[in-house]
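> With chain A held as given, fit chain B onto it using these hints.
Chain residues, written in single-letter form:
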Amino acid sequence: MLEIRSREVAIVACHGGAAALDRLASTDALRLRIAPDELWLVAGRSNRQGLLDQAERWRATTDGNALVVDQTDGWTVLTVAGDERLEVFGRLSVAPPPAGRPALSQGALAGVPGKVLFADGAAHYFVPAPVGHHLEARIRDTSHDLGLQFAPATEYRPTAGAVGGNGTAVTR
Amino acid sequence: MPNFDFEGRPIPIEAGDSIAAALYRAGVRVFSRSFKYRRRRGLYCVTGDCPNCLMTVDGEPAVRTCATKARAGQRVARRPAWPSPDFDLMAGIRLFKRFLPVGFYYKMFHRPKGTWDRIEGFIRRMAGIGPVPLDLAPAKRERRTHHPDLLVVGGGATGLAAATEAAGAGQSVLLVEEGTIGDQIAAGPVRDAVLQLAAALRSRPEATILEEALAIGVYEGPMVPVAASDALHLVFPKRVVVATGAVEEHAVFDGSDLPGVWLGRGAARLAGVHRVLPGKRLVVAAGTPESFDHLATLRSAGAEIVAAVVPAAMKDRVPPGIRAIVDGRVTAATGRGAVAEVTVEGGGRLERLACDGVVLSLGLVPRASLLRQAEGDRVIGAGDVTTPGAPLAAAMAAGRAAARGEKTPPAPTALPRPCQSGFVCLCEDVEAGDLKQAWTEGFQSTELLKRYSTVTMGPCQGSLCHAHLRSFVKDQGGDELRTRPTTARPPARPVRLEDVAAGARYPLEYHTALHDRQIAMGAVMEWAGAWKRADHFGDPVAEYWAVRRDVSVMDVSTLGKYRVAGPDAVEFLERLYPCHVANLAPGRSRYAVMLNEAGYLFDDGLICSLGPDGFYLTLTSGGADAAESWLRDWAETWNLRVQIANQSLSLGALNVAGPKARDLLARLTSDPIDGESFPYSQHRWITVAGVRCLVLRVGFTGELSYELHHPRLEGPKLWDALFEAGRDLGIRPHGLGALRLLRLEKGHIIVNQDTDYDSTPAKLGLDWVVKLEKPTFVGRTALERIGQIPREKGLLSLTFAGPDTPADGAQLVGVDGTHLGYLTSSRFSPILGHGVALGWVRATGGRWPDRVMAHDGAGRRFEGTVVHGPFYDPKGDRLRA
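Taken in order, these protein sequences are the chains called A and B. Residues in the first sequence are numbered from 0 upward in steps of one, following numbering that gives the first Met the number 0. Residues in the second sequence are numbered from 0 upward in steps of one, following numbering that gives the first Met the number 0.
Extracted from the complex, chain A is given alone in its bound form (with noise of 0.2 angstroms):
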């Protein structure tokens, strides 16, 4: 079965130093390294505020010239679980899927600029807010042979840990 919802997630953003950012612990949130000076905090929408905490921790402690910034209204969060999920991936992206769990690989969904998260046995599509529409009906489209079914939105906590570091995560 392939079924796809919409997650709600938090995202903050840590724009600093290559050094200060691989210092940035955190121990209920996914560490995705999107680029050398910018990684991105993710975890469950209902922690949103705790990881704005961590992130000013870390910039009054680590890299005071560094930039923290919520971008959780930003992006549009979409999971497609179930065995053909690669499958699902191979039809929106012209990028291999990365190897090893979890993994990032960034680059054009469907013509979108977009981020997918292979982790906790599924693929998550972040792409922009206002293209979020169009990412699902593209995956619609192109999936709808796979019995694709939709599912409802719910919180999508990540299982804490970090993807890549110094930007070797970033794959196009």
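Treat the hints with care, as some may be off.
Just the calculated beta-carbon pair ranges, DEER-fashion [what the hints assert, rightly or not]:
1) B/P715 x A/D144: 28 to 38 angstroms
2) A/Q148 x B/E525: 30 to 40 angstroms
3) A/Q48 x B/D624: 23 to 33 angstroms
To be clear, the hints were calculated from the coordinates, so they are not data collected in a lab. Quick reminder that beta carbons are idealized off the backbone N, C-alpha and C, glycines included.
Below, chain B without anything else, positioned relative to chain A:
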């Protein structure tokens, strides 16, 4: 029995039939008319290589019917001809052949002037392979992506062996085959081997097989697009094995294009696979080992073999009872509409043989278009494509070796005998005589002949004629360079336009968080860059008046919104912008423009000082992405300690504008917003309707305005609260239509609408935003130098007596008729009662004109007056209220 429709006639289908086979069985002999001379063309290769069987199938033109399965209900037709494709009166055009030499369109019909324009349409209607249907419903083709370790193109014995070898080694393999594996091979050991290999491969989890799938080309990567019935597959393999086999050598002699002339594999396929006899009395020219298999197949199917023309080395292979003509050569085929007789030269004499078909197996030519596109370490050929005619075992061994990355040295292949007469290129109707003429005109290489004569440029992409082209050049004395193969490019096979556009028919619309809210309020949306924005909500004039008299709200979430922070943030922005930044106190905002190194303006917006938190920048909706790149490029170039965060996606923005804007906000906030606490050109953090907003006092509309920048998802809540609270204030939403007029009355520019490619701030009347006393900023040097040159043009304000006003883009001329420029924006101003406009105007004699005439596209003329300063509220009292 199932059948399909062929020009109104039902054609029965037997199991395994291609369209062409079913048609031939039903007695169809003329499959198409040729490109230029409208000559009859019949089945020839039956391998999908030649253009002879191209027909329209279910409205799709140029379908290779020999490679397309017949299906019940199909509608099949040839290119229309008058009175019919079987008897086409336009074939008489060949009588005028001497007037239509190769490249005639480069030399003729160009004088007197206009002749070509008149005759071009006629030539285009007469030539070609059929009309493009314009009434087909747009097809939506999806894309799929694959990343196999190995891509094998070709489902013959070589390709299957390669795929099996790789799969056995644990590699992921994708094999694509143009038809159905084994379907087109006559019963025998080769077919048995192929089917056995295919069955084994299908059972392997590492392997995927795509049938009826066409490899279009090999692109950098390598990347191979494959057109299949379900989708366009983009394949990004680590390696490619091209096992596309070989095609039989095309025969070129007088009459070699007549229906009844066959390539051996085609004739044998028709007889052996489809059980249709290609002719009752056949002459067979057997020059390859496999041609004797064809001969046996045809004979056992019931054909009478009139004679076998064979080289001396093969004469012993001619079966008993068949006359052998040793070391002979077929030199001509004649007949009225189809072969009735062939001429064979042998033993120094010519002999005419009555027959209804001639089957030619003169040699094999690699089907190497794909391979030639990208041959290298990661793209290698195997089997017939490098060593034509290799025995089955050798072909399979070559496939296995290729799967391991081992290249088999290609066998030297001889070029065909140089042609003297006949059609070299069946696709484009290029004859041997055409090549000779082109050669005498100086086109003396394969590449030049290709371009001049179009040989190899038709649907077959040189499958048949490329070898002949090289042979011709060599025979004319061409050296290795002139004789070398032409550059092969995609598509290797004909491809549908819908495949080219696969995955691209999905316009990407950016929506703000208020998109649905606005639609529900009757918004008529329009494209604004990648965004869909409200143009109006049914009554743009009422929206305009709401801003001027009451209060109105506009969704301006599309603005670019950026944070810049870090110890070098001030230095960075000082270098980037031509205005002062260091003296911007916390809480204050400043209008600023972005200039490139040439001093030309390409974006504008606000700089808001956030004190210790850095700066907040707004940029235009359409230019934000480019401007962000600009910011990041310079930050990196100058190696400054700044952080740049794009908040355009996570923040929405609402512009609350109008004389009652403050009254409205006061109902939703307890924070001070009076003019003294919160004056124009400043910003504050204010909680509005429970939503914490960064509020900017702006003045684009010319009225008291507050721009509420808020978390995106809070947008609907804020929107609803504003409209609920403003009900008794006459609140309305307004769209871009009203905004364009409102800002025009203030003389505010819209970047890209009012700016030109060389718009300096001075030309735009924005000198005041540039502080040349600053030691450095991007564009400063250029502005200094430009400032020493007298200004020749400027964006001026113009008025027109209403109510009619010229349209945007109207041309401006002086009173003496001199062209002066054009209008960039022009509207009727309801509040002023006359037309207002901005336009680029050229100075004459160092002076700006006082009056101009505007000529718009509708042929109307308007007299305009040049004015100075904003049209509306020139002192800005209203926006500073």
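> Hint by hint, note whether the structure agrees.
Comparing the hints with the structure gives:
no.: 1; hint: B/P715 x A/D144: 28 to 38 angstroms; in the structure: holds, 35 angstroms
no.: 2; hint: A/Q148 x B/E525: 30 to 40 angstroms; in the structure: holds, 35 angstroms
no.: 3; hint: A/Q48 x B/D624: 23 to 33 angstroms; in the structure: holds, 31 angstroms
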